[in-house]
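Residues per chain are reported as follows:
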Amino acid sequence: MLRVLLSVLVWCTIAFAGGGNLEIKGVERVLKNGLKVIVVEDHSTPTVTFQVWYKVGSYYERFGKTGISHLLEHMMFKGTEKYPNGEFSKIVSRNGGQENAFTSRDYTAYFENWAADRLEISMELESDRMVNLKFDPEEFDREKSVVMEERRLRTEDDPTSLLVEEVYAAAYKAHPYHWPVIGWMKDIESITLEDIKHHYRTFYAPNNAVIVVVGDVKAEEVFALVEKYFGSTPPAKHIPEFSYEEPPQEGERRVEVRSKEARLPFIFGGFHVPNIGSGEEYALKILAAILGGGRSSRLYKRLVFKEQAALYTGAYYSSKTKDPGLLCFYAAVKPGVSPEKVEKLIWEEIEGILKNGVDPKEVEKVKNQIEAEFVYGLDSNFYRAMNIGILETIGMDWRYLNSYVDNIRKVSPEDVIRVASKYLRKENLTIGYLLPEGS
Amino acid sequence: MAQVSLAKITPYVFKLSNGLEVWVVERRVLPFAVFKLVVPAGSVFDPDKKAGLAYLTANMIGEGAKGLSAEEISERFEFMGADFDSSCGKDYATFSLRVTTRFLEDGLKLFAKVLLEPTFPPQEFVRVKNEVVGEIMKDHEDPGYVASEKFAEVIYGNHPYHRPSKGYVETVKAVSRDEVVEFYKSHYLPEGSKLIVVGDVDADEIKKKLEELFGGWLGKAPEYPKFEYPSVKAQKVEVAKEVTQANIVIGHIGVSRSNPDFIKLYVANQVLGGGGLVSRLFERIREKGGYSYAVYSVFVPSLYKGPFKITLQTKNERAEDAIKEVLDEVEKFVKEGPTQKELEDAKRYLTGSFPLRIDTNTEIADYLAFVAFHNLGRDYLNRFPDMIKAVTLEEVKEVIKKYIHPHKFAIVVVKKKGN
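Chains as they are written, first to last, in the working numbering: chain A, 1 to 439; chain B, 1 to 419.
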């Protein structure tokens, strides 16, 4: 059933944690041109992940040109003078590598995973496309249609995704988290070659990037290679900075999506909450898990087991965003049940926490879960590098990860109640219903 | 390229006194382990009118065990930070546990109890049944799911692969609790099941523990029955749905995993439409045509002959053009075969990326569950690269002609009416 939930989770990244006796042992270096490099040596398997993270994503866009960062990510595979269109992927493939890229609100990242001795190929290819991208007009037009197909696939024809998009658009009115990472359809269509070249030249530079390497490598050798391939790339003179503040919400916001293709109602909601670095993120993480993390959470026990009103339900919170995000909840409404009833039950559970507090054993359970997740996450080079990359691109130090579990352990039941009463208020909520047309 | 060492992944295989086969990989890097039980109880055993019986049974595991309610089971697993998961496909069902070393002892005990002493509480049965019905309704919101379900119905005739493993709303509703209990009693048995263990364990110690916990479970699972396949014929089916994008599935019945040509087809398919960002179909449909975000082809590895299928999506208006291009590309591929260079590149990709697909405890357990079920041998992970390397151009040309027949393709299109 987890798979069913994934479509809901696109907006908030996976939980992470840190601390205990296990830690991420990274070494870092900053080149003269501003490029930061972080290496974690792990010799347990002879593989490596190489990731380049750029501080650009939909957060750095403007109305009318939304989706430009993601479209640029696609163009990054369309070739340079030295490695024409398709060459990059062929080289990676015939060397047994996996490659891809992903764009988020706060960052864009490119990666290759392969045998550790292939690392230098990553350096050669990524240093080349950091500055030498060729923008062929025909390729650009074709890629635009590919991205529009991607939007049809992931959003237009997926009613639950449409709902999540609507809720974010309503929750944020003055902040770029308002629009989706993939962009609005009309915006994607109207982006020009000049727009995208400009976006590339503005944000793709060594002083706006972080390289993360995790695997069977020696840090000093990695630093030498990065120096060799990226050292002579000039930094950008000016990287624009943005600053937004979503004004406090003064009343509940409600949206609905009516869909002919929806078969069952779905509820998705979010409360504005602080993000990483606020000091409140640990208590919020625990609050979200008590409310809706797993089958023994309050929402699941009430909505699925006791009332049998939902197919599944949950709540989650990711603190790892540049600006404050949402603590979200969702419920897939069971056939024959009204979404109003499910919403009422959700509120009863929230009020239950506010009135009666939380059980220390419940808090202990959630802490155990977060610690276990941290241990499981350490098993993958890719996932560790990803956590480092996210922190660095949202303006945090990756070492934050290593005290995360300890900080989670320090949270008291009172801390949880405090953040719950501060943020789980109706006037701070945006809630959306997906309604099958004709229901 | 450098030979990436896989020697670390040779499982220790033994049988418990009750015949349960156990595969253990000691991987003591991090303090956790993954357990995965494979039970030969997939939806191929479902009667047509009770399609969904096997899936419901698998979903009832963890919903009540001797002395423990469904809620208590979840509470206990989650207090340990452990993940318990069940799944049921067409061939087999799996149950997995991921648990930290700190809670391994208790977690494993609970895992065994949940699997071997299920109580199928009537009120939970009603709830789970309604949930499955809701899940099926929700699946039908996804045009990709609708296309792939219809494709299976079209190509498989009366073979049980024509049904989705979850069944249909009406057939799931028709299943009784007694039938689920009976299905559990007759199919969830140690001889024929396989248990995979990967992570922070000592093989000898875990053997003792498993004997204690699973040794009293007795019986032999039934053999898989034989089924007839319908004859392959060209056909085109359209399903109307209010979508902005046509979802297209093209293909026919392929081969079973046990077919000696499977690996050759696997390599051949990598050139045509396999994983990664390099393939003939990816190049033609996405890179040259800008038709689709995703396009791929696959021989689904299965106990019976699995489907060979090509999947893509494009806006409603371009559906017919995209289908023509796919057919043209496949015909050309079957006629001429790949070039020597394409073949070598595909082999290098498959052998090189293989270690990346088995580099966490969970991935190793998943892969070994598949290997154990299909009896591919305990050294399979070590032999795999050599099997790939041994495939020749002549062999590839021969098998694609033998197993891919574009003129007999079934084509299923889910799109907006009128386009």
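For the record, the hints were derived by calculation from the structure and aren't laboratory data.
Heads up, a few of these hints could be off.
[Said to hold, decoys possible] A few chain A positions that, by computed beta-carbon distances, are all more than 12 Å from chain B:
no. : residue
1   : Lys36
2   : Asp42
3   : Asp157
4   : Thr160
5   : Glu166
6   : Pro240
7   : Lys361
8   : Glu371
[Unchecked claim] Under the rule of at most 30 Å between Cα atoms (straight-line distance), these lysine-lysine pairs were calculated in the DSS-like manner:
no. : chain 1 : residue 1 : chain 2 : residue 2
9   : B       : Lys185    : B       : Lys233
10  : A       : Lys90     : B       : Lys341
11  : A       : Lys78     : B       : Lys288
12  : B       : Lys332    : A       : Lys90
13  : B       : Lys397    : B       : Lys347
14  : B       : Lys185    : A       : Lys134
15  : B       : Lys233    : B       : Lys15
Glycine included, C-beta positions come from ideal geometry on N, C-alpha and C.
A quick look at each hint next to the structure:
no., hint, verdict
1, Lys36, "25 Å, holds"
2, Asp42, "9 Å, violated"
3, Asp157, "5 Å, violated"
4, Thr160, "7 Å, violated"
5, Glu166, "16 Å, holds"
6, Pro240, "30 Å, holds"
7, Lys361, "8 Å, violated"
8, Glu371, "6 Å, violated"
9, Lys185/B <-> Lys233/B, "40 Å, violated"
10, Lys90/A <-> Lys341/B, "11 Å, holds"
11, Lys78/A <-> Lys288/B, "11 Å, holds"
12, Lys332/B <-> Lys90/A, "21 Å, holds"
13, Lys397/B <-> Lys347/B, "15 Å, holds"
14, Lys185/B <-> Lys134/A, "64 Å, violated"
15, Lys233/B <-> Lys15/B, "45 Å, violated"
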